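A.B. asks: Residue 1181 in this note's numbering is what sits at position 10 of the sequence shown, and the numbering runs on without skipping anything.
Hints were generated in silico from the structure; no laboratory data involved.
If you're wondering where the values come from, they're calculated on a predicted model, not measured in any experiment.
Possibly wrong hints are sitting among the right ones.
What the hints assert, rightly or not - Below are the SDA-like pairs computed for lysine to any residue, each with C-alpha atoms no more than 20 Å apart in a straight line: (1) K1379 - N1305; (2) K1316 - K1376; (3) K1359 - N1305; (4) K1379 - G1264; (5) K1316 - G1293; (6) K1376 - G1202; (7) K1291 - V1362; (8) K1316 - N1305; (9) K1376 - R1208; (10) K1303 - K1343; (11) K1303 - A1289; (12) K1316 - E1294; (13) K1343 - F1328; (14) K1316 - C1290; (15) K1291 - F1328; (16) K1376 - C1290; (17) K1359 - A1289.
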Amino acid sequence: MSFVEHAVIAAAGLGSRLGRGHPKCLLEIRGRTILERQLRLLEAVPEVRVVVGFEEQQVIAAARAVRPDIVFVRNAAYRSTSTLRSYAMGAQGLTENCLFMDADILFEPASFASFVAACKPGESMIAVTAAKTNDAVYAHLENGKVTRFSRTAASEFEWANLCWLPPGYCEKGEGAVFERLAGDVPLKSRVIESFEIDTPDDHEKALKNARFI
């Protein structure tokens, strides 16, 4: 039995570092967009909310083609706000823990499912993955818990941009999501397999190493 009733996907960003001029979530990886792949993983979740901004009509059309019942939330200030703000907007009105995720991540299905299965009411949990991106937010673990994040001190793992949190958690704080999380370490974590597609190099690494695609 899964306790995950709500999921928020942050898909409002510009994706400028990828250099393709359209939302990163609409990048096709072997015939399927990243967004479609994520929505397929969330088929059993009753309510999915997608926060849109940059090229929102393209994102809305693509999402509805996969799942017509999606709830869309507009982040009009997407050029000047972070993912933390999109998460907060997407979770407004919810009273139960919510699954939060970035829209530019390729998740390996089995490890994603294991993360969802481990989500429990009233508990927070974050996902980490093997460090591989050029601009990694390193996650340092002790006894299965993240004890700190760092941009400079390398670690075996990095923040995977997937978390299970109370709905109002992201309304507090400024900056990046990991900076908000850093104030509450140690945090329960689970290792998953995922690939963030933030740059052309990330894209190439995923095509070469993500066997599940």
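A.B. asks: Hint by hint, which ones does this structure get wrong, listed from lowest number up?
C.D. replies: 2, 3, 4, 8, 10, 11, 13, 15 and 16
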